[in-house]
Amino acid sequence: MKEFNYTITDAQGIHARPAGELIKAAKVFNSTIKIAANGKTGDCKKIFTVMALGVKQGHEVTITVEGDDEAAACEAMETFFKANL
Amino acid sequence: MQTYHGKSVFGGIAIGKIKVHQKGQQQVRRTKIDDPDAELARYEAAKGQAIEELAELYDKALREVGEANAAIFEVHQMMLMDDDYNESVENIVRTGLVNVEYAVASTGDNFSEMFASMDDDYMKARAADVKDISERGIRILQGGGNGMEDADEPAIIVAEDLAPSETVQMNKDKVLSFVTVLGSLNSHTAILARTMGIPALVGTDLEAFGELDGKLGIVDGGAGIIYVDPDAETFVTMQAKQAEDLEKKRLLQELKGKDNVTLDGRSIMLYANIGNIKDLASVLQNDAGGIGLFRSEFIYLERDTFPTEEEQFKIYKTVAETMAGKRVIIRTMDIGADKQCDYFEMEKEENPAMGCRAIRICLRRPEIFKTQLRALYRASAYGKIAIMFPMIISVDEVRRIKAIVEEVKKELTELGLEYGEPELGIMIETPAAVIMSDELAKEVDFFSIGTNDLTQYTLAIDRQNVSLDEFYDPHHPAVLRMIRMVVENSHKAGIWTGICGELGADRELTATFLKMGVDELSVSPGSILPIRKIVRETDLSK
Chain A
911 MKEFNYTITD
921 AQGIHARPAG
931 ELIKAAKVFN
941 STIKIAANGK
951 TGDCKKIFTV
961 MALGVKQGHE
971 VTITVEGDDE
981 AAACEAMETF
991 FKANL
Chain B
23 MQTYHGKSVF
33 GGIAIGKIKV
43 HQKGQQQVRR
53 TKIDDPDAEL
63 ARYEAAKGQA
73 IEELAELYDK
83 ALREVGEANA
93 AIFEVHQMML
103 MDDDYNESVE
113 NIVRTGLVNV
123 EYAVASTGDN
133 FSEMFASMDD
143 DYMKARAADV
153 KDISERGIRI
163 LQGGGNGMED
173 ADEPAIIVAE
183 DLAPSETVQM
193 NKDKVLSFVT
203 VLGSLNSHTA
213 ILARTMGIPA
223 LVGTDLEAFG
233 ELDGKLGIVD
243 GGAGIIYVDP
253 DAETFVTMQA
263 KQAEDLEKKR
273 LLQELKGKDN
283 VTLDGRSIML
293 YANIGNIKDL
303 ASVLQNDAGG
313 IGLFRSEFIY
323 LERDTFPTEE
333 EQFKIYKTVA
343 ETMAGKRVII
353 RTMDIGADKQ
363 CDYFEMEKEE
373 NPAMGCRAIR
383 ICLRRPEIFK
393 TQLRALYRAS
403 AYGKIAIMFP
413 MIISVDEVRR
423 IKAIVEEVKK
433 ELTELGLEYG
443 EPELGIMIET
453 PAAVIMSDEL
463 AKEVDFFSIG
473 TNDLTQYTLA
483 IDRQNVSLDE
493 FYDPHHPAVL
503 RMIRMVVENS
513 HKAGIWTGIC
523 GELGADRELT
533 ATFLKMGVDE
543 LSVSPGSILP
553 IRKIVRETDL
563 SK
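Here the protein sequences line up with chains A and B, keeping their order.
Okay, so the first sequence: first residue is 911 according to the working numbering, each after it adds one.
Okay, so the second sequence: first residue is 23 according to the working numbering, each after it adds one.
So here's chain B without its partners, still in its complex pose (with noise of 0.2 Å):
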């Protein structure tokens, strides 16, 4: 058996035998011609067929993988069609009286060069595009199938690299996994293979991987592994693993579209945490119900300076847009203690989880919350977007956060912008908001129990501390009285209240949380489904 790493693309198990895809190495001869408008008249016709593939392949990606990775066959496209390419062609082809395949080889080479040499990984990885489109367009030249066979039983595809059109033309029944030498966590192979879902690896280190073909093997996308010629135990151990990842898949996706409700006819709220656009992919795959937790303290965190109102603005909107009518609660920014930006000049502190964060920051400089509140208040008229204030100790607080609030709608008002309504509610993460909660319901829309900053301010022990551990317990009583507590306070001023801490995705709590009442958990994506099949599986009348 050998066994090889690569990095992980998408998990799961494939079995099944290897095939080694060769890249038709072209050879491109440099030879001479007589006559350069016939040769062009050749470079015309091929081009055209180019793009008549390149349009097909557009629609079959369309159909296969969505509009976000077909776009790229729409790109080559372009770059085919670009002038400056198509001079460059016919530059050659004229000045030297060669062969137009050895004038495309040498511009897809030059314009392969210019991306390579980019000061910017992007960039770089463009270089590839180029080339793809130039031995495309050698191919059609030199008369050439499409390049691509299909496996004649569905296998496992180890080549050096593979090529956006050399993925997408691949009959999918036939592919188990893609592994690959080169690539990156980014190119069109690894973004196609999560979008179909199965495992993957890409920069793997395998040696001489022509001689691979035939053998049989078995991808261990989670882990990174490829193993060849497994022995009997690798065999039966990642057999039984693959049953087991099936059956959640097929218990999972069967839960797709149904209901939170326990068995006893309670529901509740299944929403999703997100710290970037990025997430909102796994937010609709795992049919979150809505958004409980977008932590915009990360947008103010990537970057080096402050966000403007119009950056913001594009991404809730975004957001509330992709969401289209699902309610999306974002957290004005939670910035200090453990989460720290140099360009907001902040006093050094002895203490900063209990110093000048969060809401404290923009209580105290209203020109940062302001701007963040108009993007909000703007991005509301295109969804259901909620507004959620974090480290509330007072209701003092919250009536002055309304005042500014106010400032704000009667700022977009008199430049004549657009803007909605969103609710507005408070994170309940300090002992005194629990304390408080009668009172603060009267204020607000709704609660979002924040249970690891809850959790710490209650038993008083520092989380970043691991010496601490055996003190620490995530379930501690005071802690479930305090949900308890706040759950009960909130219904009775007839608003709701959720958990998006850490606790919420407990599936040891999931049942105590149902009954306490609890109307909403927000957790991870790739928990919404998990807790679903508990919430389904419930009884509490029991």
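With the rest of the complex left out, here is chain A (with noise of 0.2 Å):
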């Protein structure tokens, strides 16, 4: 399993249109990828989940990924989270 943290600077948070393309990057790998956030765990592939952890600005999240892609998936993720949130 790896995971790491990551602040939201995005002044939105994860509003709709990120929250979509987390998905799609998320569904590329066949890892289970889990976001946690202000005490509520959410599924990366999955939208309503996702949103509605409703996360904003200055919140810290964290990304657990475990599976076959791990290693992989987990990069893809850290290097989505800086250029999207």
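Note that these hints are calculated values from the structure, not bench results.
Careful: at least some of the hints might be erroneous.
To give an idea of the interface, some chain B residues facing chain A are shown, with a C-beta separation under 10 Å as derived from the structure [unchecked claim]: (1) M101; (2) D151; (3) P329; (4) T330.
Once the Cα atoms are required to be at most 25 Å apart in a straight line, the calculated PhoX-like pairs of lysine-lysine come out as [what the hints assert, rightly or not]: (5) K39/B / K271/B; (6) K937/A / K950/A; (7) K82/B / K54/B; (8) K278/B / K406/B; (9) K146/B / K950/A; (10) K934/A / K146/B; (11) K992/A / K361/B; (12) K237/B / K194/B; (13) K912/A / K966/A; (14) K432/B / K464/B; (15) K992/A / K406/B; (16) K934/A / K82/B; (17) K336/B / K992/A; (18) K146/B / K300/B; (19) K944/A / K934/A; (20) K992/A / K300/B; (21) K263/B / K237/B; (22) K937/A / K912/A; (23) K336/B / K348/B; (24) K263/B / K82/B; (25) K300/B / K406/B; (26) K300/B / K361/B; (27) K336/B / K934/A; (28) K966/A / K300/B; (29) K29/B / K270/B; (30) K934/A / K992/A; (31) K431/B / K992/A; (32) K966/A / K153/B; (33) K146/B / K944/A; (34) K280/B / K555/B; (35) K263/B / K300/B; (36) K992/A / K392/B; (37) K934/A / K153/B; (38) K237/B / K196/B; (39) K194/B / K29/B; (40) K966/A / K339/B.
If you're wondering where the values come from, they're calculated on a predicted model, not measured in any experiment.
Yeah, the Cβ is synthetic: ideal placement off N, Cα and C, and Gly gets one too.
If you follow the hints, you should be able to join the two separate chains into one complex; please do so.
See the structure below:
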């Protein structure tokens, strides 16, 4: 299992559009990719659970990745968060 | 005549027949079924069609209103493919042995309720997106058409609310204006109306709007009013206003892409003032040659803690990249005086306009200053950034700033971070800087005159104090002489001078500034084209 923490800098937080992009980026991988924030956990491949976390600017999220392609997936997720959120 | 009021989304006048858009009321009945597999196969087929429709809508929106507005239809597709949503539909069908229309309606209600109960206005508004996708599914299952019929002639569309998919489906040639009872200024419909540039109102106090269908209406977008069955006087007034608006719009469109050059060949740069990334769209729409003043203090004012280097870097990089090689002049934070930030923990001052503000804070607290400079230098690798320092009074200050800049560059090199070489300029907004402008010009790449503070400090009149209006002359010859002196001194040293205060947009002075040899005017985005018009009609040889 691999994981990293990231603090959201995007002024609007994880709103609909980046949530959509996140799901697209996560679905490329076989691994299970979870996002935890505000005491709740969601599945990065499911748009409703990601949006329902209500992640805003300044919130810290923890991404955990588990599966056969976890190294590549974790790296791709980290790049995605840095570039988009 | 009836008059109703709403919130203005976009200005302009629309005159035409009202077409009321009623949502096809979906009656979903709960019926028992025997074969859940067959029922779910219907669902799979309907879902496939819905996703296809949304892909088409995405393409249509992409062509007509751009990527940012189209993205929502991609999100809608993902919502329809969401595992939780689909599992909920399947569970309801299998456990209740009920029809799939009912399962979709219940799932849609439950999921939109989840958003509606969130503690965040943006997420609350997403409930409408979930309803929109569920209604699409049900409509396909019930074998309905796409729900939108175009008016046979261009009309004012009146509705309780419009889902983004409904707005995009409309034939744009048949829409004069949108008027809705619900909806916020940030709803997709409002954003689309702005992109299309048509008058629109949301949150309108219409009663029994169903009865308005077919009546004559006039929408005054700027004033936020819709007149129904207007009287003759209103009709004539509004018609004249519409003609005037259209003429202005036409003239301004004609001026897009044209040079800012007088009849006798003297040219000037016209840049835009912005305070926020959100202003970039209007900068581009109005054809600004660059950004003459990005008020970076707004990044500090909009929050409760110091913005990090990374946050600032992202913002500056976005602006630089969006302006694609055009000059972007970013003013380092001008906190203090009337712009206070609690977390700076500044001491109370008797006279804050003359107190510890802007560059004085930066020189006293270099750690704050360096964070901003690092972000600015790193972002400079992505476009043509220029940095401008406010409230300068002496050459010594400029040299101190440059020493700090050298430290920042050294730190970035040590960290192996990429950075650019921005131009460095100063604001001329104190009489001291004007008097010293010959010496200051040898230290920097450009000057930008901040006329608001320069006027206040020169005339010794507090601009917030309205009781002094009888003494206050914005065109005071002392101020104009100072501007002339700065321009002359800058040209002697081979650098250029702009004006970024309110006077820059003062159309009575445009010709005066051209004569003085001012090189650049930075004004609000909406003032760019009107000033370009004046420049192009001016002949300095006469």
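Here is what the structure says about each hint:
| no. | hint | result |
| --- | --- | --- |
| 1 | M101 | holds (6 Å) |
| 2 | D151 | holds (7 Å) |
| 3 | P329 | holds (9 Å) |
| 4 | T330 | holds (7 Å) |
| 5 | K39/B / K271/B | holds (23 Å) |
| 6 | K937/A / K950/A | holds (21 Å) |
| 7 | K82/B / K54/B | violated (39 Å) |
| 8 | K278/B / K406/B | holds (22 Å) |
| 9 | K146/B / K950/A | holds (19 Å) |
| 10 | K934/A / K146/B | holds (23 Å) |
| 11 | K992/A / K361/B | violated (31 Å) |
| 12 | K237/B / K194/B | holds (20 Å) |
| 13 | K912/A / K966/A | holds (24 Å) |
| 14 | K432/B / K464/B | holds (24 Å) |
| 15 | K992/A / K406/B | holds (23 Å) |
| 16 | K934/A / K82/B | holds (21 Å) |
| 17 | K336/B / K992/A | holds (10 Å) |
| 18 | K146/B / K300/B | holds (22 Å) |
| 19 | K944/A / K934/A | holds (14 Å) |
| 20 | K992/A / K300/B | holds (21 Å) |
| 21 | K263/B / K237/B | holds (21 Å) |
| 22 | K937/A / K912/A | holds (17 Å) |
| 23 | K336/B / K348/B | holds (18 Å) |
| 24 | K263/B / K82/B | violated (33 Å) |
| 25 | K300/B / K406/B | holds (19 Å) |
| 26 | K300/B / K361/B | holds (20 Å) |
| 27 | K336/B / K934/A | holds (23 Å) |
| 28 | K966/A / K300/B | holds (18 Å) |
| 29 | K29/B / K270/B | holds (23 Å) |
| 30 | K934/A / K992/A | holds (16 Å) |
| 31 | K431/B / K992/A | holds (23 Å) |
| 32 | K966/A / K153/B | holds (24 Å) |
| 33 | K146/B / K944/A | holds (24 Å) |
| 34 | K280/B / K555/B | holds (10 Å) |
| 35 | K263/B / K300/B | violated (29 Å) |
| 36 | K992/A / K392/B | holds (22 Å) |
| 37 | K934/A / K153/B | holds (22 Å) |
| 38 | K237/B / K196/B | holds (16 Å) |
| 39 | K194/B / K29/B | holds (22 Å) |
| 40 | K966/A / K339/B | holds (21 Å) |
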